[in-house]
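Asker: Assemble the complex: chain A is given as a structure, and chain B must be docked to it using the hints.
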Amino acid sequence: MRNPIRKLTAIAAALALGWALSAGTLIGAFDVGPGGLAVPAGPWYNTAGNTWISKIWTPLVVQDATASGLAPALATEWSSNADFTEWTFNLRPGVTWHDGAPFTAADVKFTWEWVHAPGSQAAPETAPSPLVGQQAYADGAADAIEGLEIVDDLTVRFHTAEPSPRFPATLIKAYILPAHALTGVTAADIRTTDWWFTVAIGTGPFMHDEFVADQYWQLAANPDYWAGAPKLDTLINRYFADETAAILALESGEIHFTYVSGDVAVGLGERPDFELYSGPSGVTNYLIFNYRDPAFQDVRLRQAFLYAIDRQAIAEVILNGTAQVVPCITPFEAFWPETYNDYAYDPEMARSLLAEAGWDSSRELEIVTYYTSQFHRDAMAAMQQFLSEAGMRVSFLEDPSGYNSYFYTGQNWDVSYRGLGVNVQAFPYRFYEEEGWPEVVGEERTLMGQRFPELETLFAQARVEGDPDAYQALMQDICRVQNEQAIEGYMWTAVRFGVARADLVDFYWYPAPAGGPYDDRPELWDLP
Amino acid sequence: MFTFALRRVLTSIPVLLAVTILVFALVELAPGDVADYFINPEANTSPEALAEMRQAYGLDRPAPVRYAIWLGQVVRGDLGFSFVSGEPVARMVLRRFQNTATLMSVALAVSIVLGVTLGVFVAVRQYSIWDHALSALSFLAVSMPAFVTGILALYLFAVLLPIFPSGGIRSVGVDAGLWDRIHHLILPAAVLSLAQTATFMRYTRFSVLEVLRADYVRTARGKGLAERRVTMRHGLPNALIPVITVIGLSLPVLVVGAVFTETIFSWPGMGTLYLTAVGSRDVPLVMGLNLFIAVVVLAANLLTDLAYGLVDPRIRYE
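First to last, the sequence lines map onto chains A and B. So the mapping is simple: our numbering equals the position in the first sequence, first residue as 1, plus 31. So the mapping is simple: our numbering equals the position in the second sequence, first residue as 1, plus 52.
Bound conformation, chain A alone (with noise of 0.2 Å):
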């Protein structure tokens, strides 16, 4: 604050209303943003926020500072057999559970078999690859999941129930529950459980000190976690309604981080008193065609699409540079081919394909989306009058709570307008292939209306392709011929960014999918 009156009452209004925070407080809206949860969980049923739940419970691997491979956590190293369908980890000695009983490899069977039991209400997305005897186990016709092996204390021996290449990667949210500590809670209480807000005994580098539903969760440092002694007293996470009053919190003083939109990014990065994180989403936006429409059937039409929209003016001008435009689902590079098409815009070649592909223009289509932020719905204007002056009369329709049961159980949709999180060690195999959406009816039982052969045989090979490379290659082949067939309506993949304040001490935040969890070391964390 170069103002002096303005410093002089800030001062006075701190000294005077108590404000002055604690020695050793880091504050933060943790959970504002794609990757947070507006509505405070557990680990188990949480769908995002693995930012602020990894701070108090480990899995036994996180994803690496950048979300692109993975990071060793509650387990050191792990190996399998030569065709994926054994998986061994080696435990970390010494580590404690916040209440100083001791992490072995029973509490890692106890957190499957708690977790699996009869009337789990687990969330999906955290649930890892099925293993040996789980689901007989989960239906009550077991006493303990057989795939699951304590070879010793700090061993564990996992059976898959499906070569798994890329088995770890499905640990990242698989967090680890202390076996001592509880009793009288089943995974059918999960959601309704107060253990993870009152108890929360986790080996985390912070130990949970106090929640206050709709407002804070404070955590103090663990003195005993395994990577050091957290430099930090205290950690807490405050709850925001909007991003604008996270925003102006900030500015004001009153916390030390939040997520930011892309245009806010831009404004508040260039002060010299906040620091800007940014990073890839992980999440490619783009368009889905229904072709139980037989129009959508026609590669033409689809690349129409793509050569009417300037995919990169929206990515530069109407998206403030934060955006890059993409030539398939995946937005990792590295799963690019060397070559294809990156569908420059070019109006003309766009009507001469729907000339070509007998489009009526009188005809308008409906685009349906979940997405209501000012960044999608900038883009989607764009994209709009594109796609008008190409001959193409389109309307965006944002439905955000109902989107899931109109988009994936009914029929009637044309288009999609989403985004799809593709991790680096999982494809979205699911949405291409046959019965990848059993709730779907129809002679093609995919989720667009239609199967993809050359895809599903690419699928088939990707999936026990243990070798990095040869897995790479395989991702660049799915790339190359979603690309030339335009399977979809690639657009881009677009960057998220938080803030803070400058003054920080090895801070760091990255914007991982569902918020991680990532190797993000807090335990440096530290204040000026």
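What the hints contain is simulated information worked out from the structure, not anything from laboratory work. Treat the hints with care, as some may be off.
Dumping the calculated SDA-like pairs for lysine to any residue here, alpha-carbon to alpha-carbon at most 25 Å [as the list claims (entries may be wrong)]:
#1 A:K262 to A:A533
#2 A:K262 to B:D227
#3 A:K262 to A:D537
#4 A:K262 to B:V226
Answerer: Quick look at chain B alone, frame taken from chain A:
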């Protein structure tokens, strides 16, 4: 009066029943359900998981069955659990109601006191500079949307001039006492009271002016009473009757809250809870909120009617 009140309470029961049926039907008619809320559309969630979730929440049962189950629970005093947070609905509603009642009652009290006072003030100074100035300001206050006023107020008094906190009910990370909570209350209550103050001022002004032209007031002046006594003793009580009606109509906001203001000031109240509940199709929470609001609104209407009897001795209840 007791008989009157009892009759009103008894006739409220079918009204409450009708409200709950209507709300339930509207929520059912809206597309989507709570499973849609949980499933992040950017994630790759299986349809089996969606079906499991719907079954877990009883959404695979017919709507009338679900309503009957909910009604049976309510009769036993159980409003159920929120689908989204898993917390008991009654606990959530009461917690948020406390926050809303605190904020809205302070805002309403300030509005009533300021509004009535200023209304009388400008009424007895009709067409003066005060009358014109305050009337202009009242139009401005009524015209500005709450979210604009709120953001402006926050930016001015929490960012540029950090006199007030930027939001929340209390400070975090420190021991927050009563003064801290009052400090957090001032700015949102002031923003909320702006439009209400203007409304009450306008109604009071109009009502007082009408009363001051009445024959009995002229008679009072003719008897030689001081103008102040004429206004306050003879004019104001009669002028307050329509103002009480307006205030009574404002009482429901004590429960309903103000979504924009609560959102901007991060004040966890009934307004934002209701918005979240509807957006996430959290049926138990929506039903619990509506039942609570309906009960309070009916009670507020009854209190308003009873207040007439206190103000106007001509009114008697059979």
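Asker: List in ascending order the numbers of the hints, as given earlier, that are violated by the structure.
Answerer: none
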